[in-house]
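Visitor: So you can see what is in the structure, the chains are spelled out below.
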Amino acid sequence: MESQEEQRPDAFQSYWDAVLAELESTPSVPEVEKIPIRTTDFATLYGVRLTSIGPYRLTAYLSIPTGEPPFPALFFAPGYGSVVTHIPQGAPNSMRARYATFSVAARGMRGSEKPFEASFPGLFTEGIDSADTYIFRGIVADTCRAIEYLSSRSEVDPSRLAVIGGDVALIAAGLTGKPTHVAMDPGPFFEAAERAPATQAYPLQEINDYLRLHPRKRTAVERTLSYLDPRWFAPAVKAECRLTGGAEGEPLDRRALLQLLEAIEGNVTFLETEHSSYKDGLSLHRWIAEQFGFDEPILPSIW
Amino acid sequence: MGRPAPHRYVSKVVRPPDFDAFWEDVLAQAALVPLNIKVVPDKLRSSDDVDVYQVFYDSLDHVRVAAWYCVPKDGRRPLPAILHLPGYQSDPPVSKEWARLGYATLTVAPRGKVRSNKQFNPGYPGLLTYSIVDRNTYSYRGFYVDAWRGVDFLMSRNEVDARRIGATGSSQGGGLTITAAAMRPEIVAAAAGAPYLCGFIDAIALEGTYPYQEINDYLNIHPESREQVVTTLRYFDGINFASRIQCPIIVNIGLQDNVCPPETGYATFNAIGSPDRKMYPYDGHGHDAGRRDHAAIVEEFFRTNLEPQQG
Numbered sequence: 001m002e003s004q005e006e007q008r009p010d011a012f013q014s015y016w017d018a019v020l021a022e023l024e025s026t027p028s029v030p031e032v033e034k035i036p037i038r039t040t041d042f043a044t045l046y047g048v049r050l051t052s053i054g055p056y057r058l059t060a061y062l063s064i065p066t067g068e069p070p071f072p073a074l075f076f077a078p079g080y081g082s083v084v085t086h087i088p089q090g091a092p093n094s095m096r097a098r099y100a101t102f103s104v105a106a107r108g109m110r111g112s113e114k115p116f117e118a119s120f121p122g123l124f125t126e127g128i129d130s131a132d133t134y135i136f137r138g139i140v141a142d143t144c145r146a147i148e149y150l151s152s153r154s155e156v157d158p159s160r161l162a163v164i165g166g167d168v169a170l171i172a173a174g175l176t177g178k179p180t181h182v183a184m185d186p187g188p189f190f191e192a193a194e195r196a197p198a199t200q201a202y203p204l205q206e207i208n209d210y211l212r213l214h215p216r217k218r219t220a221v222e223r224t225l226s227y228l229d230p231r232w233f234a235p236a237v238k239a240e241c242r243l244t245g246g247a248e249g250e251p252l253d254r255r256a257l258l259q260l261l262e263a264i265e266g267n268v269t270f271l272e273t274e275h276s277s278y279k280d281g282l283s284l285h286r287w288i289a290e291q292f293g294f295d296e297p298i299l300p301s302i303w
Numbered sequence: 001m002g003r004p005a006p007h008r009y010v011s012k013v014v015r016p017p018d019f020d021a022f023w024e025d026v027l028a029q030a031a032l033v034p035l036n037i038k039v040v041p042d043k044l045r046s047s048d049d050v051d052v053y054q055v056f057y058d059s060l061d062h063v064r065v066a067a068w069y070c071v072p073k074d075g076r077r078p079l080p081a082i083l084h085l086p087g088y089q090s091d092p093p094v095s096k097e098w099a100r101l102g103y104a105t106l107t108v109a110p111r112g113k114v115r116s117n118k119q120f121n122p123g124y125p126g127l128l129t130y131s132i133v134d135r136n137t138y139s140y141r142g143f144y145v146d147a148w149r150g151v152d153f154l155m156s157r158n159e160v161d162a163r164r165i166g167a168t169g170s171s172q173g174g175g176l177t178i179t180a181a182a183m184r185p186e187i188v189a190a191a192a193g194a195p196y197l198c199g200f201i202d203a204i205a206l207e208g209t210y211p212y213q214e215i216n217d218y219l220n221i222h223p224e225s226r227e228q229v230v231t232t233l234r235y236f237d238g239i240n241f242a243s244r245i246q247c248p249i250i251v252n253i254g255l256q257d258n259v260c261p262p263e264t265g266y267a268t269f270n271a272i273g274s275p276d277r278k279m280y281p282y283d284g285h286g287h288d289a290g291r292r293d294h295a296a297i298v299e300e301f302f303r304t305n306l307e308p309q310q311g
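Chains as they are written, first to last, in the working numbering: chain D, 1 to 303; chain B, 1 to 311.
Keep in mind that the hints were calculated from the coordinates and are not lab data. Virtual Cβ for every residue (Gly too), placed ideally from N, Cα, C.
Here are the simulated DSS-like cross-link-like pairs (lysine-lysine), alpha carbons at most 27 angstroms apart as the crow flies: (1) D:K178 with D:K34; (2) B:K278 with D:K279; (3) B:K43 with B:K118; (4) B:K73 with B:K38; (5) B:K118 with B:K38; (6) B:K12 with B:K278; (7) D:K178 with D:K238; (8) B:K43 with D:K217; (9) B:K118 with D:K114.
Listed below are several chain D residues computed to face chain B (Cβ distance under 8 angstroms; list not exhaustive): (10) P36; (11) R38; (12) T85; (13) Q89; (14) P92; (15) R110; (16) S277; (17) G281; (18) P300.
In isolation and in its complexed conformation, chain D is listed as follows:
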């Protein structure tokens, strides 16, 4: 078996160093505007505009609790879909009374769809035949920009900044070093090229679609995807991590994820999904509260 270092693309470090250098040389030029309709007596919502590499102008949503800062912060990393909202569907709005929350519409997503509007399916293979043109090079940069911005806000407690999401959450945590906590559901970039042929589910199915039409590009596609595999970012992640994967024998179970789990520098808790948005959600909210020093989580009323 090859060591982790041997499997990682040779140019991995220089590739991402170049992305971060480009990001650093791109002024973020924030614009912040209150959104009255989503503002309550316990929290104020702001629309935020930021520039990422390209340059590309992004839309983000920042909620700040009413009261005395600093506040613990939750950053919802962009997932795979066109819609980005200020808090995820199903999360209690009242959690905005305790936590500063932040989400960003990465390039192509609703709110950041000009000049590039992503299609779904379609985004996952946009520019995939070269690591330099792959859309997720920009999306990762967008996510890093968002984390930098959030951590720069005086209302945010830098010792309690959690990033929540999929692979992009862990990737951005590794690249920026800012989040103190990571809650991650691995996929789809984890061993993407190897796992795609075994699935008919999107977004991985996009790879199968693409290679069916462009079989000669297989090597290039595999090379591009290897730059996004969360395993290679894990050694740089010093945050407290919580990963939810499959139960034993299911896809992405503990055994499948072992290399990733062992590579993360920070403390890691692995949980098996219960395939219930209630049970998995309850567990996540409890973990956040516990990690940030609260006795009780803020939950939907029915929980």
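Mind docking chain B on chain D? Use the hints.
Guide: Showing chain B alone in chain D's frame:
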């Protein structure tokens, strides 16, 4: 203290006396708009066993609506068909897996969704409260018609058996399934999961989560509009459509659903007119509504009612 048992909940939704007349008028307006169907083969998404097409048709107010259409290549004809209806935030998927089971499948992107947003794009959040004070211009007036017109597309296809059309979806897709089954008698079997758009005014009082929270946000800054909002929503509430459903239907809900409260799921189910109805409540589940275990039940339900093996 917990809430009372959800099946005992009494909905506050009232059915307006002119509910049916309102929708007959909307459908009459829609009938004046030719479908103007365009079907474009999609080589990228097609596979060895399934042909995939991008579909476009016109809907109410001449809004152009996109959809994905999947047909199995195995030669069995005519095919039963399933209309797949999308969630509130999610992007309509390419349903190749259902085509592999022997169905022609249409996944509609009603107005405002990606690929159907050139003429109407209120955003998310935003769709739920767009023109919510006026039932004649409320977002879901056209949105519902866009979804229902998928039936017209399916019936236009030579490879589809017009006597074997089903509808399914979860969350908003579940709510749209309720309304489609109510308004389109061509639908002979329906499976609705965690139905959204059902019991609006119940939901905004029971839970404080999005998307329903959009209505509370709106009312917080427009408290003077409450009566108009409540009036509009009565015309769009799945509970008020449900009595028109006459086909076999199954409904699954999560008893800890924090997005579409189970109380609203029961109220919707109890209002269904069809005697051939069955409820699957999943304890220990939220808005997933037991999807993992329920998927096999939905498959079997359509296998029984639409008989894909018949060809």
